[in-house]
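**Student:** One-letter residues, chain by chain:
Protein chains: 2
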Amino acid sequence: MTWVLYLIIACGALSIAYGVWTTRAVLASDPGTARMQEIAAAIQEGAQAYLNRQYQAVAIVGVLIFIALYFLLGLPQAIGFAVGAVLSGAAGFVGMNVSVRANVRTAQAATKSLAGGLSIAFRAGAITGLLVAGLALLGVSVYFLVLTQFLGYSPASRVVVDALVALGFGASLISIFARLGGGIFTKGADVGGDLVGKVEAGIPEDDPRNPATIADNVGDNVGDCAGMAADLFETYVVTVVATMVLASIYFAGGDRVMEMMIYPMAIGGACVITSIIGTYFVRLGSSQSIMGALYKGVIATGVLSLIVLWPLTAWLVGMDTAMKVGDVSFTGQSLYFCGVVGLVVTALIVVITEYYTGTNYRPVQSIAKASVTGHGTNVIQGLAISLESTALPALIIIGAIIVAYGLAGLFGIAIAVTTMLALAGMIVALDAFGPVTDNAGGIAEMAGLPEDTRKTTDALDAVGNTTKAVTKGYAIGSAGLGALVLFAAYTEDLKYFAANADQFPYFGGVDATFSLSNPYVVVGLFLGGLLPYLFGGIAMTAVGRAASAIVEEVRRQFKEKPGIMKGTERPDYGRAVDLLTKAAIKEMIVPSLLPVLSPVVFFFIINWIAGKSAAFSALGAMLLGVIVTGLFVAISMTAGGGAWDNAKKYIEDGNYGGKGSEAHKAAVTGDTVGDPYKDTAGPAVNPMIKITNIVALLLLAVLAHH
Amino acid sequence: MTWVLYLIIACGALSIAYGVWTTRAVLASDPGTARMQEIAAAIQEGAQAYLNRQYQAVAIVGVLIFIALYFLLGLPQAIGFAVGAVLSGAAGFVGMNVSVRANVRTAQAATKSLAGGLSIAFRAGAITGLLVAGLALLGVSVYFLVLTQFLGYSPASRVVVDALVALGFGASLISIFARLGGGIFTKGADVGGDLVGKVEAGIPEDDPRNPATIADNVGDNVGDCAGMAADLFETYVVTVVATMVLASIYFAGGDRVMEMMIYPMAIGGACVITSIIGTYFVRLGSSQSIMGALYKGVIATGVLSLIVLWPLTAWLVGMDTAMKVGDVSFTGQSLYFCGVVGLVVTALIVVITEYYTGTNYRPVQSIAKASVTGHGTNVIQGLAISLESTALPALIIIGAIIVAYGLAGLFGIAIAVTTMLALAGMIVALDAFGPVTDNAGGIAEMAGLPEDTRKTTDALDAVGNTTKAVTKGYAIGSAGLGALVLFAAYTEDLKYFAANADQFPYFGGVDATFSLSNPYVVVGLFLGGLLPYLFGGIAMTAVGRAASAIVEEVRRQFKEKPGIMKGTERPDYGRAVDLLTKAAIKEMIVPSLLPVLSPVVFFFIINWIAGKSAAFSALGAMLLGVIVTGLFVAISMTAGGGAWDNAKKYIEDGNYGGKGSEAHKAAVTGDTVGDPYKDTAGPAVNPMIKITNIVALLLLAVLAHH
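Each protein sequence line maps, in turn, to chains A and B. The first sequence stops at residue 706 when you use this note's numbering, and every number in between is there. The second sequence stops at residue 706 when you use this note's numbering, and every number in between is there.
Bear in mind the hints are in silico, worked out from the structure with no lab data behind them. None of the values given here were measured: they were computed from a predicted structure. Wrong hints could be hidden among the right ones.
Copies of the same chain look alike in the list, so a pair counts if it fits in one copy or across any two.
[To be verified] Here are the simulated DMTMM-like pairs of lysine to aspartate or glutamate, each with C-alpha atoms no more than 25 Å apart in a straight line:
no.	residue 1	residue 2
1	K566	D255
2	K112	D320
3	K586	D320
4	K561	E38
5	K665	D653
6	K665	E205
7	K612	D327
8	K586	E205
9	K112	E652
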């Protein structure tokens, strides 16, 4: 089986090659005028400075955890953690560096044609996308190879399982910091800049006279590009790892444990290839529909994956191979159909998210209409849509759980989620093109490019709002579908330790039940349920605080340098970037540690009150509680925010009075409210859920170790 | 034991006597000038007309369900349903009729002194409060007496249990219609009136030139008084009934089943008396603190209840009587301490809600401060507070579950909730005084009473915002704490039917498990979790739609009758009331039926896909899913809305620029957003949760019957 592993590693390496090759192509295109390059350089410098500071701050936490893991669990686990953290950081770092160079080239290409702008922006996105999927796959597969082949650990041994979980933890930790820090930075800049610029001073978005405008463009890169990349990297890693852990448990002792542990990675490898091929299908048709062009890529990737997974499963698992997990019997063919379920879920989430956030449908239009009667009704309707938008995705996840479970039990659900995430390369590409076009629009505005260019970048940007919401819905949807998988990993681990209490004395006499009749289970559900709310509240407050600081800074600059508004004096862009950098780093620490520490603290409190069994029951329930509310909080925030943003765009397209009308002002308020919803609090819920789960798994490992 | 029942009935009757006596005292006070009486008459007429229409609409649904219950279960159950529905309707009807007469008298008394205004308004509220508690207690106790003593059913028999559950269903059904219909009416008027009056026309709230102003005042009565009364009536009934059902199951066959079924009603009876005494402690001290005056009443009631429950428990249960339910052994004394837990939870919820919605603390002040930088930051900070405000109440509920369960198992939790709800008379009094003072302010403004009077009524109104949030937090908190009780009723019923499958053939071979490892349990949790979101979204949309209709109607009147703004022409108040009546009735139907039909439809779908056992598991989990998200949705909406409202009041008190400043405009937007949050969608979640639970219990009964 070792050579299959090498093949999977080759697929991962191919995505790196694609990245290098495409980066060269993007960088070779025309970077525009000197003025454009000057602006791009300022964005680049700010983004680089922020990311360095963020990584430094996270590195301190990371080193502490590395040392803790080394002493609590051992070197392979600590190194796993480091691999996850470093690769996640690398994906964000490289992606962002491409993004800050592609922005100006997209602006330049957009002066010529929509197709040209789309092509550069999408390829820049695809680099990030394939790096995310490729590095994640490489991290897991290479480390698995090292552990099992070079160091000789048995694939289903505790060391391998714990090391993989630690790898997931490393990815999760970077992810939550990057999502939150980046989210606070980008939305502090966006909200603050809009309030003081658009609303108070009456100057358009990205006007060079606004001292927050460079910070806003920096934010797109550090939040929407680097933050999102870390998030999806983490989702990918945790999903694959959890599936492998389940395989190691379910097939332990049998003769196919290696194949079943390799199978999820093989799905990932195959879909890296189909994603690369899919990127070449993204091409503007005669209808000039940008969404249509992107859909072509997604559909191509999906269909190719559907085709390729059949022989892959037949060859690696065998279509008729009969397996049994718990009470459920299934075959290799059942697993293939579980993969199909994952693909169908992805497709449905894309379609539903487009419905809720696209300008062509009822939800966005209803918010635009409500703007006519004022700020209040805009926000009310936006909140109504955000609440409503959770229903269909939840039903899809419910349906997927039922079907995948019916096909192949819990392992079937795990394969469905893995296949869903295997498309991450393509889905992230859709998302990462957003900040590039957003930046391109900003550069066009600041460099005074012709109105037409701005129109082209705006059209790209509006699609970007939808694709950004799609990715977030996809990430959180996979978390919902994967909830049972992570919970199963927890219960199976617990069962294993309790059954072998002679080796793991801490678990002697532990008899944790997870029935809803057990009050500690209900306590755990409530406590888990509370985390996304508290976390969301803290994140929103942080953005509000950062935005207020920006408003005051900009007001101060306008007052001290009256020449700014006349265009005779240059605003001090650097100060706004600096201020946000400090604010974001400071504000991200406490909420990021909330999901890391909660499971541990909660476990020991319940243990102290009611004993070990109750504490294990409550902790397990907490893992599901956090996903039950987290799913709804995250979907409502990300879809609602996207809808608000596009309702504003819909009005700017000339509906309900267009730009400058009272309806437009109300829509700007809604957009402002939606900003931290969709780009800070909402997306950070996904890594938060994962961290809670991973920390619980690690806690079990640590308790077993002592 | 029969004479104890009569004693409890006497307590219930006493509350009616208190109501009659206090009503006469309130009506005897000065109703003010002719102009004031004319305005009050218009409000009265509108409120009456709305309530008649609402009851007619609900009656149609009610009659259909009555017939269905008669054929599906039998006459005692159908009559139980009717008793619950009619008494709930009566509580709202009488309360509202007092409220629309007390408003003008409060305004008149407020021209003289704050103490006088407070006295009338609070007594009016106390009438509603004690009617709610008294009628609820009477309904349950008299029907229980009739069934067990006159008709001779054994207290723990299925007929009695099902009839009591049906009584709860009747109350719940009225409650959700009243909460939603009333909520849509009142907030449609409030939001629409504010948008077009305050924001567009620049006239103050309650200005007689605003054609929506009478509708706004009507709304306070039909929503905040009648709707709230129905909600708390339902919460009271369902809690007491669920506790009695649990007692009938846990103590069936033993010799104390009658005592244990009577015990929850006896707690209710005792606390009616302590609540009545408590109302006499509400008196303005030298500090002129209104909240202080109300606190005196609450504290007096709480302390007296603490004292009285000891001998009551000793006498009815016996302090040393040893009991055992499941694995948990406990004594009468344990049950007393569970009651204490309920009282402590109530006290803590009051304090925390005051912290989150009072003008003296960080949360409200942070929203006020965020208003300085605009509409967007106001709403962001309001949402942040609304998310954050869920944490402490959730922790309190978690703590209460752990302590009460530790003391006396699930039955202990049931007694804790019952005791909590036993204070409903006092708590509802705090709340129901809100709409009276709100109306008094409106009448003062419209009748052109001196500025001072308006200041007095405004001071009362600000406290009303907090007490309204308190009641809602209290209702939803009890639902959270009671979740396990209702779930236990469901599982115990199911267990009973499955164990006696020879009598109940439908349950043959049913083996439903509720472990979180069961995928159908997770499916149920997600589906339950989705209901509050979908429901909230529909309710918010309905308010937005009603408000937009009002905005257009008012604009039309301003345009057609230019004399209105000059004060020379009288607006057509009736048309706004009419329009809202129709809108509210129409919009309330679909969302109200959502929780009624969802459990049934969901059960049969899962049954069809995966069989009975899976369907029963999923349905049970759904009952907890709806409370896990519902708790957070409801608390965040009600506390957040209250905070927004008082942030506006805080600015109007002269902070951050005061009335008319930009900060004030932003705060008005926040208040508008908070309106449907706190008065429509949020509070309706509580009856929604209860209905889902009750319908599931009835579904079991129906399935057992066939």
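**Student:** So which of those numbered hints doesn't the model satisfy?
**Tutor:** Of the numbered hints, 1, 2, 3, 8 do not hold.
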